[in-house]
Amino acid sequence: MPGTPLFIGEHERTELQRIRLLANARPVDMRTLPDLLLTPEGKAAHRDRMTGQTIAIPAAYLVTFSVETNQPHGTARHMSMSVQREGRLPNGYAAWLVAQELGFTGSLDECTTWLEDLHGHGKAVNVVQYITGSEARA
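Each residue of the sequence shown is one higher than the one before, counting from -8 in our numbering.
The set of hints was computed from the structure by calculation and includes no laboratory data.
All of these numbers come straight from a predicted model, not from anything done at the bench.
Here are the simulated lysine to any residue pairs, SDA-like style, with alpha carbons at most 25 Å apart: (1) 114 - 84; (2) 114 - 3; (3) 114 - 36; (4) 34 - 53; (5) 34 - 11; (6) 114 - -4; (7) 114 - 21; (8) 34 - 9; (9) 114 - 53; (10) 114 - 78; (11) 114 - 6; (12) 114 - 104; (13) 34 - 111; (14) 114 - 35; (15) 114 - 71; (16) 114 - 40; (17) 114 - 42; (18) 34 - 23; (19) 114 - 100; (20) 114 - 101; (21) 114 - 69; (22) 114 - 85; (23) 114 - -1; (24) 34 - 60; (25) 34 - 18; (26) 114 - 44; (27) 114 - 91; (28) 114 - 51.
Please build the complete structure, drawing on both the sequences and the hints.
Structural data, given as structure tokens:
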């Protein structure tokens, strides 16, 4: 299957920086999230929040970014990236290129990754990296 081109120019870098700053300013508290998701209003509020932290990148990518506090090992960066074309996923190179723009460091191999079923909308690659100290707000 052919790959999906990824185009990151100045506009995309600006948008990635915008959602990075937004996520850092409004971290998701993983201790309170399960209770929030118990109500329709809470689900809608969380969905709206994540939609605000999602951008489209040409040619067909969607990227959502959050900073999550109170994870089992502390604070984490969390990126979800999908391709809006049937049967396609971002490859590791594309995912890491975008992750670096969002502040991830090291390598993809040093992160926790998994595929997420988007319930009829394909799959997303999730990348999580624990962060500490001054890095937690970078």
